[in-house]
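Novice: What follows is each chain in one-letter form.
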Amino acid sequence: MTESSIALKAQGSRGVVPWKQVLLLGSVVALVLGIGLGADSPFLLSLAGYTCGFALFAVSVNVMLGGIGEVPLGHCMFFGIGAYAPAIAMNHLGLPYEAGILLGMGFSAVLAVLIGWLTLKLTGAYFSIVSWGLSGVAMVTALNLEITGGPLGLFGFTRLAIGPFDLSDPRTYFFATAAILLLVLIVLANVRSSRFGNALESIRQGRHLAQSLGINVFRERLKALVFSAPIAALAGALCIPYTQIVTPEVMSVLRTVDALLAVLIGGTGLLFGPVIGAVIFTILPQFLQFDPNVKVLVFSLIIIFIMVVAPGGLHQLFKLIERRLEKRSEGRA
Amino acid sequence: MKFGMKVAATVLVSALLSGTAAFAQDPVKIGVVLPLTGPTAGYGKDGKMGAELALEEINGAGGILGGRKIELMYDDEKGTPQDGVAAVQKLMTQGRVKAVIAGMNSSITLAESAITKNKVLHVNPGAQADAITEQGSPWLFQVNNTASTNSTIFHKYLIGTLKPKTIAYMGENTEFNKAVLENLKRSLEGSGTKLVEVANYDASTTDFTSIVTRLKAANPQMLYVVDAYPARTAQIWKQIRQQGGFPMEAHSTGTVQASAIVPAEGAMEGVVTGDIFIAEGATGEMADFIKKFQAKNNVDPNKVSLVVYEAVKLIAAAMDKAGTDSNYDLISKTIRDNVWKTPRGSLAFDAKGRAKAPYFYIQVVKGKDVALRESFEVK
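Protein chains in written order, with the working numbering: chain A, 1 to 333; chain B, 1 to 379.
Just chain B, same shape as in the assembly (with noise of 0.2 angstroms):
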């Protein structure tokens, strides 16, 4: 009997050990949420090889949490806040992720943060509007830059070096040009540079030729363009190139892509803007990233393959070092209390979840891509 009691036992006991084995070989899902289609397709198509290789790498490693391997859920936020929550709800509750990323237009990342807060982990890795980290959301953090932080250092290098003393202005009616414009206001008290006119645009204008007509009217010295989306810019810049040109040309931050360079077919060539990211000159892990995503894909990575890259490497970094997948106050202070190595180098988070990068370049575009001008390292 004493006997068959102990058989029994170790029959459980292992039977036990077995079941917590198989658990901690079970993947750790993670739920990526991009624009895989509608008008900004296009970065949901950069971000997922970003992400697909950060996948095969951290697998390829061994996996998180002694051995578990990482498992990538997709979901289309298709462009509209309705269906960026849709996505999101629907990864935590059918997909059961223990983490979410998600993030490339700024009101969409709001409604899908509503969602997430003190629910799950969320990185966010391309939206820049501030409002988005300004709530409070402890489990929330932010790997691009925020557009003021981005402008700021733009506008310093616009004013300062490039010393315009007339400035126009043209964007389209979207908080995140809203934002530039008044930062650009700041940045222009006290300095000899004079901003002598604005034009807005909403998202349906297709022809800007009486825009450029009316900027060129004013006779500034340097034409700034404030547009996030890659078809438009193009559109823009050969209509401007059509009517000659500005002696100085500009174009805001972070959202120059070959996306929007190749369609423009030359006429953006010259003209100036700033990213977190530039291929052009890269060395150590930068290289290397670069050097790897182009064999995977066939591409060069932009700066939207980047963010997510990064936002699954921190994700899968910070779980494995806090030991946990679901203890978010845990992970969420590991995140802040350590600093981290990406491709861009050392990346920090603050209080609020924003991560500042290290560099910030100063880019001219130069025949299908961006050429470096100059870069800042950012304190």
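Next up, chain A with everything else stripped away, as it sits in the complex (with noise of 0.2 angstroms):
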């Protein structure tokens, strides 16, 4: 199918309803309630939880590698400002957990701003290490501050609940984590369908055949990390119900690694493809029930494999399945 069918197709579509997208929708809520009111195990239940929040993570570091193909090693200074400014609020400022979670996106978006005005005129490899670099400023204050609580970290938290949903209890955190992920997939959805988002993929393709269409890019891809620094923050501040505890550690480059593994395992192409990675990311080795070394190694090995066997990442089985299922609708009709 050329690119200009899809866009008659999709011009065609216009004002009926969107059956596909209605039942991908149906069946992801159909899953959430199934493991949230089917699983018993607190374990798992908050394991769940914790997973959704760090797919968040690994969906906002999706914005930048899938969306303007830029590897963004500092992300997780978002997601450490996102976890700390909750942990500051509740503990030095006397401010609720929910007013935390908003003053840390807030103060994030600020941030990217900055941060994206100083370094996004650099691409490439320059822009990873530069932004790592800033990650490690970051780590490196919070460290040495005290109201971070230095080395130690900030804990201790008395209430972690969403107006009356108590995250202390798993299958509350589940659910709302599980909620939040699905309403900021919705809204990227959305955000990738309009001028933005194409906007946004043109300059991943070519950002010079951009420029020359008058595209402004250093603006796009500001935009991009603007848009993408807060959802990683409310990733950083949905992990503490599940972490307890924030740390300096929250700020090390292992984070925006693993996810970057989680987007490249599920695949950059597709929305819920770092949710896929993700997944594996964090579930898996809870199963893996050999030697800690072993699992090590048959993890690795799994990735291996992966990456192998689909490098554009496991949302290609969905694809390949999608598409059996479509020539099978074809054939029939």
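Among these hints, one or two may not hold up.
To be verified - Some chain A residues well away from chain B (every beta-carbon gap over 12 angstroms; in silico): (1) Gly38; (2) Leu47; (3) Gly69; (4) His208; (5) Glu249.
To be verified - Quick list of the computed label-pair ranges, beta carbon to beta carbon: (6) A:Leu145 x B:Leu188: 17 to 27 angstroms; (7) B:Glu134 x A:Ser193: 29 to 39 angstroms; (8) A:Leu254 x B:Glu265: 24 to 34 angstroms; (9) B:Glu134 x A:Asp40: 48 to 58 angstroms; (10) A:Leu114 x B:Pro138: 39 to 49 angstroms; (11) B:Glu374 x A:Ala99: 51 to 61 angstroms.
Simulated from the structure, these hints should not be mistaken for lab results. We put the CB at the ideal spot given by N, CA and C, even for glycine.
Mind docking these for me? Both chains are given alone in their own frames, and the hints should help you get the complex.
Specialist: Right under this line is the structure:
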């Protein structure tokens, strides 16, 4: 199918209920309800909740990687700010968790403007290295400030709840994080089909060509960073009910690397690719019943195997199934 | 009919009895969370050997609570809070353990203790930050000394006995280092010793030559290094030795093990340190422990092996004495109200759940291990 025929199809479907999306959404909601109501183990439920939080971070990383084709090694800084903001708000300012989340998201967006303005003129490895450096600065800052609790971090939170939903209850925690993740994915789906989304796609495919078409490449790239930073901050905040402590380690570049791996395993091309990757990345290792050292080996081999058989990410398999189904229905018609 | 009823009742009762009897023979599961992979995996290995020895001894002596065996379930905290939390939660809910042993790194232990608080008995064998037992968790106990207890004794010795005129200090930027430095500054107040230079470095540092050069320039009588990672400790001392060393040299307490001394290849010779455990010159219970450990594992035990061994023993003994594996109020009260015999001597726990080691040893590095320099009875 050519690009223009997709566009035509999209035009034709305007005003008609998008059955495919509704079906997808319905099955995702059913899956969430199935896990949330079916699973009884607090361990599984809170792990599933944490997975949703981590997936949110992977999704945010993918806005940069899949969106404009940059590797944002320093994205862990926004995640860390998102985790520290509610912790500081609760322990030092006497503010509730929710207010802390919003503060963190706001602050990270403002910081993203500043950082993006300084760094987004750079591309490729240069951008990655500079953003990594900045996250290192953030980590050292968190290590040395009084307000961040220094090396030991912040802990002992009394209330971790969003409105009436108490996130210290594993089931509520899972439902809340899953709902937020879904909401963010819906927003992203809409953004992707917007003018801004198209501009990003054209920049990713060829920034010079995009520029020649009159797209302000720098501004669109900046918008992508400013858009993804609060999502990372939200993810950081949503991981607190699980980790129970915020240490400078949250800003470790290893966290970004984990998210990048999740994105690559799941696939950059699809919105929920990073979610698939995050599920595999956090839940699978818990069920490999080997000696811990063997576990690392087996898990690494699984990742290598996935990258070899599905280099575009696991979502390729879904695409394959989708194509098969389409072919069959076409055959019937 | 009546006879039939009687038979039925007998069958029922005997079935019930045999049911409870089978229940009584179920093992008591204890979860052990250790860093089995990651940068501190060495501690995990040492701890596991200690735990296995305790298990063998307890079950060999007939188990606890009227013949029930204990069973240890291990999980890996990998050196990060989120993995520590996952490990503890998995053991509590999937493994249905009756007690959790977890605690090597302070930040991870703090995260883990938020999960175990008011839910299950938690014994922290190794982590030293004062904040852990400061939180007031009623079922949380700590076998190792706190960082401040150890430092207070060690600094008193450094300043009062060795009497250097000047000290230079270097340490990794961690909570442990921060607590030790603050304690040192307090101990120095009113003494004739002056702190002339302080250098901090972060976890990724591998070259310490510039720091050592700077410290040498201050010409201190004593160099005091605070670092808890064995591989880096070895590297630091090698680089210090390359630059000629210092008249007096000290390393933080509780952190000098063979895993640092051996790779240092002699560079740590003569460095003064301190710990709650020393293999040299052990007598009585401690000598027994060391002998059994060596026979089982073919290596010498270290402090980490000892505290994990003691944690398993403490839980088993307290459950046995309290007569329950799940009434944690009673078990905790039993732990607080009694004095526990360990290889180190008698161990008692205060209201915060902190154990104070009966002895503290000032040691000096000699060959491939530490040698005893002086021992203190802790009051």
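Novice: Provide an ascending list of the numbers of those earlier hints which the structure does not satisfy.
Specialist: Those not satisfied are hints 2, 5, 7, 9.
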